[in-house]
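Q: Position one of the sequence shown corresponds to residue 1 (the UniProt record's numbering), numbered consecutively onward.
No lab work stands behind these hints, which were simulated from the structure alone.
Don't take every hint at face value.
Claimed, not checked - Derived pair list, reagent style DSBU-like, types lysine-lysine, alpha-carbon separation capped at 35 Å: (1) Lys16 to Lys110; (2) Lys125 to Lys67; (3) Lys110 to Lys160; (4) Lys160 to Lys102; (5) Lys118 to Lys16; (6) Lys139 to Lys160; (7) Lys67 to Lys160; (8) Lys125 to Lys186; (9) Lys67 to Lys118; (10) Lys16 to Lys102; (11) Lys125 to Lys160; (12) Lys139 to Lys125.
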Amino acid sequence: MVNSEKEKTKKLKHIKVYDQLYDLIQNGTYPAGSQLPSEATLSTQMNVSRMTLRKALTLLQEDGLTKNVPGVGHFVYSQSEGDSEVSKIDRIFHPVYSYCTKELDSVEMKFRIEPPTKSISDTLKQYTPAVVIVDRWYKHGQTPLAYSLSFLPIELIGEKQIDLNDADQLLHYLESHCYEHAGACKRVCSHSTAGNFTALIYALSEDNSFLLVQETIYDNDQNIMVSTKHYIPSDLFKIEINL
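All chains should be built: construct the whole structure from the sequences, respecting the hints.
A: Structure, rendered in structure tokens:
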């Protein structure tokens with residue numbers, strides 16, 4: 001048990017570094033347009049390895065907070081004053097099942113309840129004393145093919161009467177119910193190299209190349225119900241758009 005906890009702490013160290021850098025960006029220590037210190041300086045200041053730091057920097061870039069200029073360094077993006085308009089649509093489908101070209105026949109799920117970090121609170125755009133963090137690994141047979149990481153405010157669990165003692169209820173909500181009853185949905189698709197280390201217990205892509213779908217699901221009052229990052233290996237996705 002002790003070894004397991006040590007391994008988990010090691011794997012999540014880059015998240016702690018991400019949160020530290022996120023706070024430094026948000027409080028103006030590293031203002032918009034500024035260049036972050038070199039990787040050597042940052043890794044020394046935060047007492048972490050270059051590999052751990054690079055994972056955190058990859059997540060910052062993935063979330064649109066920084067950009068990397070090869071041979072120059074990492075720069076802080078200017079934050080927009082408001083979100084783009086969220087469109088309401090008639091039917092929303094789960095992106096992993098919609099975009100993955102391989103058949104998926106099972107889902108492995110784990111969840112935990114934690115106090116939200118500032119970055120999670122900002123993502124959910126609401127105060128919540130606790131957040132439910134859910135990992136889902138999508139498989140064909142015994143082979144993991146895709147991964148989703150979701151954040152839900154704890155109030156939603158009570159509102160939807162989801163019994164966390166019955167994990168299938170939470171899985172059903174995330175897999176289908178939230179899409180069937182969503183008021184609106186926003187998705188941003190981009191390329192990511194963070195899928196393997198974000199998925200923690202499985203390596204999903206030999207090329208470490210993923211389609212990232214950042215998804216926010218709203219209720220009818222435009223409150224965020226679920227925020228999710230979906231990772232699908234680049235050689236396993238296809239998106240069809242009918243206009």
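Q: It remains to establish, for every hint, whether it holds in the given structure.
A: Each hint, compared with the structure:
1. Lys16 to Lys110: Holds - the C-alpha atoms of Lys110 and Lys16 are around 20 Å apart, at most 35 Å.
2. Lys125 to Lys67: Holds, at roughly 23 Å.
3. Lys110 to Lys160: This hinted pair holds, its Cα atoms lying about 19 Å apart.
4. Lys160 to Lys102: holds (32 Å)
5. Lys118 to Lys16: The given pair, whose Cα atoms are some 12 Å apart, holds under the 35 Å limit.
6. Lys139 to Lys160: Holds: Lys139 and Lys160 sit about 27 Å apart, inside 35 Å.
7. Lys67 to Lys160: violated (38 Å)
8. Lys125 to Lys186: Given that 35 Å is the threshold and the Cα spacing comes to 14 Å, the pair holds.
9. Lys67 to Lys118: holds (21 Å)
10. Lys16 to Lys102: holds (34 Å)
11. Lys125 to Lys160: Status holds; Cα separation ~19 Å.
12. Lys139 to Lys125: Satisfied, since the Cα-Cα distance of roughly 32 Å is no more than 35 Å.
Going down the numbered hints, you'll see the structure goes against just number 7.
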